[in-house]
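Could you put together the complete structure from these sequences and hints?
Number of protein chains: 2
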Amino acid sequence: MSFLDEVPWNREGLISAVAQDAKSNRVLTVAWMNREALKQTVEKQQAVYWSRSRKRLWRKGEESGHVQKVVEIRLDCDADAVLLKVEQVGGIACHTGRESCFFRKLENGKWATVDPVLKDPELIYKK
Amino acid sequence: MSFLDEVPWNREGLISAVAQDAKSNRVLTVAWMNREALKQTVEKQQAVYWSRSRKRLWRKGEESGHVQKVVEIRLDCDADAVLLKVEQVGGIACHTGRESCFFRKLENGKWATVDPVLKDPELIYKK
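Line order of the protein sequences matches chains A and B.
Going by this note's numbering, the first residue of the first sequence is number 1, and it counts up by one from there.
Going by this note's numbering, the first residue of the second sequence is number 1, and it counts up by one from there.
Simulated from the structure, these hints should not be mistaken for laboratory data.
The beta-carbon is built from N, C-alpha and C at its ideal position, and this holds for glycine as well.
Hints are supplied without guarantee of correctness; some may be wrong.
Calculated cross-link-like contacts (lysine to aspartate or glutamate; reagent style EDC-like; alpha-carbon spacing at most 20 Å) [what the hints assert, rightly or not]:
no. : chain 1 : residue 1 : chain 2 : residue 2
1   : A       : K69       : A       : E107
2   : A       : K55       : B       : E107
3   : B       : K39       : A       : E107
4   : A       : K105      : B       : D80
Across the chosen pairs, the derived CB separations fall in these ranges [what the hints assert, rightly or not]:
no. : chain 1 : residue 1 : chain 2 : residue 2 : range
5   : A       : N10       : B       : K69       : 23 to 33 Å
6   : A       : K119      : B       : L57       : 17 to 27 Å
7   : A       : Y125      : B       : R54       : 36 to 46 Å
8   : A       : H95       : B       : V71       : 22 to 32 Å
This is the structure:
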């Protein structure tokens with residue numbers, strides 16, 4: 001029995017995948033994986049997600065170079081979420097050029113952008 | 001316009017909610033919130049989730065006492081996940097009596113339980 005069989009994939013065949021920086025412990029991204037994405041993540045030791053918008057496997061960093069190298073993979077108690085501890089190549093996880101996708105903080109009832117852009121997305125996603 | 005209106009609730013009216021210990025930065029739980037759960041989480045400054053299995057609001061800790069006091073709330077770039085930094089009362093987030101729900105680690109192709117039970121669940125969920 002494969003570790004993949006222990007995951008009760010939801011009706012869309014997905015589970016949540018949280019990526020956390022292995023050094024700073026900052027939560028970087030929350031994305032989705034299907035069975036093939038988790039399989040490839042383990043094989044390549046690099047995060048591979050399922051892009052719901054593009055409806056295809058998304059090898060994180062395939063365009064940006066901002067690969068997430070896998071340090072550790074954990075599963076939660078009801079097996080519907082995985083936690084990846086990763087080395088975030090380039091120190092940028094978000095497509096906006098920020099370290100983490102969680103750059104907005106609730107302050108006085110509003111989502112305030114509190115983290116800086118480290119690199120212009122136009123420079124990250126060169127044509 | 002409310003901060004709640006900026007969340008593109010999925011077709012079930014939910015978003016993912018990751019809770020992270022504000023001190024240790026350990027990821028404790030991944031759960032779901034609907035609009036009312038996020039509203040109450042902000043009002044009470046304690047994590048309130050939507051239980052998909054019980055189909056009702058789940059005031060985290062309502063039975064166990066293992067409340068998650070909110071220190072900070074963040075929203076990700078595509079606004080489909082929130083990150084709560086919390087003070088985990090009792091130091092136990094998981095219904096199995098462990099600190100974190102992510103107590104299984106992928107080792108040699110198997111999910112190995114690597115974290116100890118800190119308190120017997122039968123003592124946590126007293127009738």
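Okay, the hints, checked on the actual structure:
{"no.": "1", "hint": "A/K69 x A/E107", "in the structure": "violated (33 Å)"}
{"no.": "2", "hint": "A/K55 x B/E107", "in the structure": "violated (30 Å)"}
{"no.": "3", "hint": "B/K39 x A/E107", "in the structure": "holds (14 Å)"}
{"no.": "4", "hint": "A/K105 x B/D80", "in the structure": "holds (14 Å)"}
{"no.": "5", "hint": "A/N10 x B/K69: 23 to 33 Å", "in the structure": "holds (30 Å)"}
{"no.": "6", "hint": "A/K119 x B/L57: 17 to 27 Å", "in the structure": "violated (41 Å)"}
{"no.": "7", "hint": "A/Y125 x B/R54: 36 to 46 Å", "in the structure": "holds (43 Å)"}
{"no.": "8", "hint": "A/H95 x B/V71: 22 to 32 Å", "in the structure": "holds (27 Å)"}
Hint violations for this structure: numbers 1, 2, 6, all remaining hints satisfied.
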